[in-house]
Amino acid sequence: MDLRFTPEEIAFRDEVRQFFRTEIPAEIRRKVSEGRGLTREDYVTSQRILNAKGWCVPHWPKEWGGQDWTPIQRYIFTEEMLLAAVPLPLQFNCYMVGPVIAAFGSQAQKEKHLARIANLDEWWCQGFSEPGAGSDLASLKTRAVREGDHYIVNGQKTWTTLGQYADWIFCLVRTDPAAKKQAGISFILIDMKTPGITLRPIITLEGRHEVNEVFFDNVRVPVENLVGEENKGWDYAKFLLANERTGIARIGLSKERLARIKRLAREMPAGEGMLFEDAGFRERLAEVEIELKALELTQMRVVAAQGRRDPTKPDPASSILKIKGSELQQATTELLLEVAGPFALAAPVRGAALANDWPFDFDWADGAAASYFNNRKVSIYGGSNEIQKNIIAKAVLGL
Amino acid sequence: MDFDLSPEQTQLQDGVSRLMAARYGSLEARKALGSGPDGFSHEVWAQFAEMGLLGIPFSEAEGGFGGGPVETLVVMEALGKGLALEPYLATVVLAGGALRLGASAALKERIIPGIVEGSARLALAFTETQSRYTLSDVACSARRQGDGYVLDGRKAVVIHGDSAGHFVVSARTSGERRARDGISLFLVPADAQGVTRHGYATQDGGRAAEIAFSDVGLGAEALIGEEGQGLPILERVAEHAIAALAAEAVGIMAALHALTVDYLKTRQQFGAPIGQFQVLQHRAVDMLIALEQARSMAYYAAMMVEHEDAQERAAALSAVKVQINRSCRLVGQEAVQLHGGIGMTMEYLGAHYFKRLTMIESLFGDTPHHLRRVAAADGLAA
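These protein sequences, in sequence, are chains A and Z. Numbering (numbering that gives the first Met the number 0) for the first sequence: 0 to 398. Numbering (numbering that gives the first Met the number 0) for the second sequence: 0 to 381.
Isolated chain A (complex conformation) (with noise of 0.2 Å):
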């Protein structure tokens, strides 16, 4: 048992995070830290200088862009670039259709679509869950009927994450509605461009417009977007949930804000000194902070056991990644706003000057609230916590 880093290991934590500091725009990193919304161009511009350093699909088969990296390097890489505050390749591309395509689809697909996912010529995004069909996910209803060689699309998907940017969506469908729940659904790709798909926006509440309502209307898709086999879309978003385990828990956001935590409390006044020097306080940071701790060991373990694994059987420390993950970056988000304090209430005023020109203490404050707002979402999406107990209770516990 040795818990520290290898000297080549060291070397390639360094390595990335010289990188990630010096080569992504300061005013992307800084939107990321301040929990900001970025624009498509922040977007494609962070993942392209990522992707010209071949650094944007490192976990991909190699032909198609991946690097022989060890489990250890990804975790780190994935871990730097966290605490470095860039922002994650787009998941929907990178984490998501990427490595379904290259694993189920077809080499015209592959060919079509692998490098332009990479570069983010082509933004994708997720068309899984539907108004009647959340956490019971395969109780979907969106249909695609054969008809010669195309599937005529009908149906909704909602929560589509930055469906305003995409060009295209991956959507699951229900090609066999005879079929028992899981047994019909396929997997096919769908260009947003195509008539008869209506993208409405949904605004969180925070106040921002992140995710949206798709509606097809008679959409026709040609039947070459089918990924793999007709009817066997479960099993490839199976595929795609369980893809990418490392980094799940985001350790390293929750670092990186809990130092940014840390610096602001030493300069917001409280008492007759700073916040930082409030015992109450600093323990609801140490508790935070100890569980981080845990959790990242925990990370760790699951970290060096992958690729040993027997992957059919579940490993009861990766369970807990995302349940314990969410929460902790929660926390983070309540201790900011316990930091901003009644300046938490201003809503957006963007900048350090009110209209009159009138300076606001914290300008950073504003967005104290927005992100603790936002964050709730963590732990509802990608299966909603309650599910991912249901999943260890039955797979782990066997109850």
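Worth flagging that the hints you see were computed from the coordinates, not collected in a lab. Certain hints may be false.
Stated by the list, open to error - If you anchor each label on the Cβ, the simulated ranges turn out as follows:
1) Z:ALA138 - A:LEU336: 41 to 47 Å
2) Z:SER25 - A:ASP1: 36 to 42 Å
3) Z:ALA45 - A:GLN181: 57 to 63 Å
4) A:GLY381 - Z:ALA21: 42 to 48 Å
Unchecked claim - Simulated pairs of lysine to aspartate or glutamate, EDC-like, Cα-Cα distance not exceeding 16 Å:
5) A:LYS180 - A:GLU229
6) A:LYS393 - Z:ASP261
7) A:LYS261 - Z:ASP377
To be verified - Some chain Z residues judged to face chain A by a derived CB distance under 10 Å, without partners named:
8) MET0
9) LEU18
10) GLY65
11) SER162
12) ALA254
13) LEU258
14) VAL260
15) LYS264
16) GLN280
17) HIS281
18) TYR298
19) LEU329
20) HIS369
21) ASP377
Where is the CB? At the ideal position from N, CA and C, for every residue including glycine.
We have chain A; now place chain Z onto it with these hints.
Just chain Z, lined up with the frame of chain A:
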């Protein structure tokens, strides 16, 4: 970075687990082993010696086997699972640790071989009426007399102090009651003139003692380390104690969780195994999360307990104890709750696990104590 045990460590784990299964196979067996006046089995203790467990942390030069924190972790986890009553922590980790970390070669040579072969059992006497968990709060005094010292004062809740042959005692040779300097450690024979002790049972089935020292004359050779410089030794011992207790707690929590999940699968109510009820499933998952987080911190403890930077090490071990304590409480309470009435009974194994977990929380610092320390330290080492 790897979390695997070496073949030798795996062998050690198998050996201790087999011994525990053979001797502590049931609650009745445990009761029988603890029925003697010392509250543990001398026969099992001799088996520990035979297996080499009592020499693990001591170097080969000291007569031990040169094991490290991971070996201790392996042993403590197995002893936890078995709910062992023997004074392993008291003798090997605590008092033995103080000797190992502080004593002169001559003193080590006099005592450690006896520990390793099982003939010497020791206890660490450091808690006082007023001290709570503050190691530097020492009222017990040792004043110079001739070449030696005269020891006066009282020590409280000395684990296995009722049957130990020697005590390692913290006493003030100078300074105010709470001063960091001026604390010295002494090796005191239990049968020395002026020592009186009152043994009693502890909540977890173990033993402890209140000890009074009245004009106890000690030779210069009784001093462990430098005069007045005992606190750093004591602090290091406490860190090793936390690492050992973390491993013990993980062994207990894993066993208690397994017991609880098993119960959920077998106990029938409303015509179904109660484990089919989602509200209970989720609580069993919460226990698992607490267990795995604790296990991670037990590994962290093994990694950090030999870390060179004293401040980082102290903060790390305090963080470990906070997580361990939290997990102990959650797993213990939930286990009782999920068992229902049977979990409240003396005849149920789970209840004994719960009791030991609760006592572990109170050893070497409770949650508020260590949380304050982490908060003051501002950050944990990577």
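Now the hints, each set against the structure:
no. : hint                            : verdict
1   : Z:ALA138 - A:LEU336: 41 to 47 Å : holds, 45 Å
2   : Z:SER25 - A:ASP1: 36 to 42 Å    : holds, 38 Å
3   : Z:ALA45 - A:GLN181: 57 to 63 Å  : holds, 60 Å
4   : A:GLY381 - Z:ALA21: 42 to 48 Å  : holds, 47 Å
5   : A:LYS180 - A:GLU229             : holds, 14 Å
6   : A:LYS393 - Z:ASP261             : holds, 13 Å
7   : A:LYS261 - Z:ASP377             : holds, 9 Å
8   : MET0                            : holds, 6 Å
9   : LEU18                           : violated, 22 Å
10  : GLY65                           : violated, 16 Å
11  : SER162                          : violated, 34 Å
12  : ALA254                          : violated, 15 Å
13  : LEU258                          : violated, 12 Å
14  : VAL260                          : holds, 5 Å
15  : LYS264                          : holds, 7 Å
16  : GLN280                          : holds, 4 Å
17  : HIS281                          : holds, 5 Å
18  : TYR298                          : holds, 6 Å
19  : LEU329                          : violated, 12 Å
20  : HIS369                          : holds, 9 Å
21  : ASP377                          : holds, 8 Å
Comparing the model with each earlier hint shows violations of hints 9, 10, 11, 12, 13, 19; every other hint is respected.
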